[in-house]
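Going down the list, the sequences are from chains S and X.
Read in order, the letters of the first sequence correspond to residues 1 to 403 in the numbering used here.
Read in order, the letters of the second sequence correspond to residues 1 to 232 in the numbering used here.
None of these hints come from the bench; they were simulated from the model.
Any given hint might turn out to be false.
[Said to hold, decoys possible] Subject to a maximum C-alpha distance of 30 Å in a straight line, what follows is the list of computed DSS-like cross-link-like pairs (lysine-lysine):
| # | chain 1 | residue 1 | chain 2 | residue 2 |
| --- | --- | --- | --- | --- |
| 1 | X | K56 | S | K309 |
| 2 | S | K199 | S | K238 |
| 3 | S | K225 | S | K78 |
| 4 | S | K65 | S | K78 |
| 5 | S | K12 | X | K147 |
| 6 | X | K56 | X | K84 |
| 7 | S | K78 | S | K199 |
| 8 | X | K147 | S | K318 |
| 9 | S | K119 | S | K65 |
| 10 | S | K256 | S | K238 |
| 11 | S | K225 | S | K91 |
| 12 | S | K51 | S | K256 |
| 13 | S | K318 | X | K84 |
| 14 | S | K134 | S | K78 |
| 15 | X | K84 | S | K309 |
| 16 | S | K65 | S | K134 |
| 17 | X | K56 | X | K212 |
| 18 | S | K309 | X | K147 |
| 19 | X | K56 | S | K318 |
| 20 | S | K91 | S | K12 |
| 21 | S | K195 | S | K162 |
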Amino acid sequence: MNGWYLALSQIKRNPLRSALMAIGIVIAAAFMTAVALLIVGVNEGITNTVKRLGADIMVVPRGEKIARQFNEALLTGKPATFYLATATIEKVSRVPGVENISSQIFVETLTNARCCAGKFFIVAFDPDTDFTVKPWLKDEAGLSISQMEDWMIVGDRILLRKGSEAQFYGTTFTVAGVLEPTGTGMDWTIYISEKSLRKMVTGSGTKAEMPLRIRQGDYSSILVKAQAGADLIDLAEKIEQAAPEIQVILSSTVAKLARGQLFATAYVLGCIVAGLWIMALVMSGVIFSMAVRERRSQIGLLIAKGANKNFIFGMLTKESILIAATSCLSGCLMGLLIVFSFRELLSNALGASDVLPTAATAGLFVAAFSVLGTATAVITAIMPVIPILRTEPYEAIKQGAAT
Amino acid sequence: MISAINITKTYTGQDGTITALGGVSFKVRRGDFVAVIGRSGTGKSTLLGVTGGLLKPSSGEVFLDGQSVWNLDEQSRARFRGQKIGFVFQNASVISSLTVLENVVLPQSFLPKSTTANMSRAMNLIESVGLGHRTHAYPDQLSGGEKRRVAIASALMNDPPLLLADEPTGDLDSETESEIMSLFANLWQSGTTIIMVTHNQQLANYANRIFKMDDGLIIESSGQTEAEDSFS
Ligand SMILES: Nc1ncnc2c1ncn2[C@@H]1O[C@H](COP(=O)(O)OP(=O)(O)OP(=O)(O)O)[C@@H](O)[C@H]1O
Ligand SMILES: [Mg+2]
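Taking the hints into account, I'd like the entire structure generated from these sequences.
In structure tokens:
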């Protein structure tokens, strides 16, 4: 019968007390893990977006609100609609240092689009000039694109698969390809050709419940690929000078904006986590030391039977380790499970493309938090117990009888 | 076997200093059965605690088999206790999270060499206190007297040469009391040295020596001369 056995017997014989010690830790650990995973996941999403934008510089109409909408569309696929005129495209393409441009037109689906619940982001692009969408195509969809009439390419998280159809504004589109998962707003975006869009606009007047008002020659954004070795900041300035009605968005700005928002949220959540965690530790520590105080006579009895103080200290430490480790681990796993099961809901709520970091990162967090959480919980449980152990065993035995 | 020299024990509390033991000296031979009697609050339990190495005296020394108990460090004293002394306390009796059997086996875990648990000895002890049918019960499923019997079986597990019992039959019915007393008599017969605190004059008759305490001192000690004669 070693210390572990005695510790376990205490836990088993006092299930309510053990549960009380554990519950706060479970909740705090779950919340802590969930928050950490969310923040890391969203951050990973931002990094992915920036890495995968494909364009060096993006041009959209001037305006702070538009910049924000555009950002959100890139990161989360939330529909954004704003337009600029063809003339702008020409101005931008003539700026020295611009290698390639491709323009896109943004539309949002009506809420009752037959494929999917909610509003979806439709991006029309020109397959001939495109350099940002097609690289993400899973297979040889390029072939079918050239043969099909009204095709669409869907992001990985859109619940449509190759060959299935959906109707937008009265026009039926067939899925020609699915994109690789990108961890960005592209996962939630539907891509169609500019030609189909123009057709859809004309048709929507008669076929759709609500006509689509996009003028011929309107575009939403211009994606710019810079010439090799070009200074992007310099190029951005030149573009803005050439076309004052627009603003230039650099991929680094996208990240900065998004991270600014994320860190503000992270700070608030971090404070809540810290508060919860402290409360949980105090609660479990208080319950533990109360329990030990109550058990002083039992401890005295163990000493009378030949146990030394190291054994007693070890036994109590083991008891708190068993409780803390179990509750931390299950709390962390619960946090992971929460993020996993409410992945989409949380993504939408936080305005992120995805909230789950890679499996390796998630595993690392669960492991690290379990260990750290256990360590802090054990320390806070065992520290207040030390003075209790200083009582003379005989006193403890006598005092125990009084209660 | 035991030699206590001028033990004092004082408690300092809110109401000043209380002298629980005021300089007690005594000797106990191997094979003695000593009954300690006296009114409540006269220092009987205190004396037992100091003798057993559980309660540090304010001054004085206790030798057990020639070893000064209070000169040992904490670890050695714990080991010494585990090997040499069985305790039966006035009140707190058993570990509530362990079954009867586990309680009885427990003291063996604290012996220095890791002996494999001697289950048959534990079972015999449980039988001998009449709890053979309750080996897997938990203390909260036992009556007060049954718990006391478990405590006694547990105290005997390591076959200690010295048994210190503080009112082992307090608040037990007379039938259980005599069962326990005959158990003690058997132990004594087989060579165990016993010091037993009791209020009950009749129980004191089981012993071959009686220490009567008052006000922190042994005021009367029957059989002392005999003891001192043979003490070496
Ligand atoms: N922790 C303590 N603090 C202060 N005084 C104490 C403490 N423990 C015991 N005493 C006092 O020491 C004296 C002796 O106590 P002890 O427990 O040895 O008496 P006892 O003879 O065993 O009594 P009883 O027969 O009631 O068990 C008592 O006056 C008691 O009040
Ligand atoms: Mg007493």
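A quick look at each hint next to the structure:
{"no.": "1", "hint": "X:K56 with S:K309", "verdict": "holds, 15 Å"}
{"no.": "2", "hint": "S:K199 with S:K238", "verdict": "violated, 35 Å"}
{"no.": "3", "hint": "S:K225 with S:K78", "verdict": "holds, 24 Å"}
{"no.": "4", "hint": "S:K65 with S:K78", "verdict": "holds, 14 Å"}
{"no.": "5", "hint": "S:K12 with X:K147", "verdict": "holds, 20 Å"}
{"no.": "6", "hint": "X:K56 with X:K84", "verdict": "holds, 18 Å"}
{"no.": "7", "hint": "S:K78 with S:K199", "verdict": "holds, 24 Å"}
{"no.": "8", "hint": "X:K147 with S:K318", "verdict": "holds, 27 Å"}
{"no.": "9", "hint": "S:K119 with S:K65", "verdict": "holds, 19 Å"}
{"no.": "10", "hint": "S:K256 with S:K238", "verdict": "holds, 22 Å"}
{"no.": "11", "hint": "S:K225 with S:K91", "verdict": "holds, 15 Å"}
{"no.": "12", "hint": "S:K51 with S:K256", "verdict": "holds, 13 Å"}
{"no.": "13", "hint": "S:K318 with X:K84", "verdict": "holds, 28 Å"}
{"no.": "14", "hint": "S:K134 with S:K78", "verdict": "holds, 20 Å"}
{"no.": "15", "hint": "X:K84 with S:K309", "verdict": "holds, 18 Å"}
{"no.": "16", "hint": "S:K65 with S:K134", "verdict": "holds, 29 Å"}
{"no.": "17", "hint": "X:K56 with X:K212", "verdict": "holds, 22 Å"}
{"no.": "18", "hint": "S:K309 with X:K147", "verdict": "holds, 25 Å"}
{"no.": "19", "hint": "X:K56 with S:K318", "verdict": "holds, 28 Å"}
{"no.": "20", "hint": "S:K91 with S:K12", "verdict": "violated, 77 Å"}
{"no.": "21", "hint": "S:K195 with S:K162", "verdict": "holds, 20 Å"}
The earlier numbered hints that this structure contradicts are 2 and 20.
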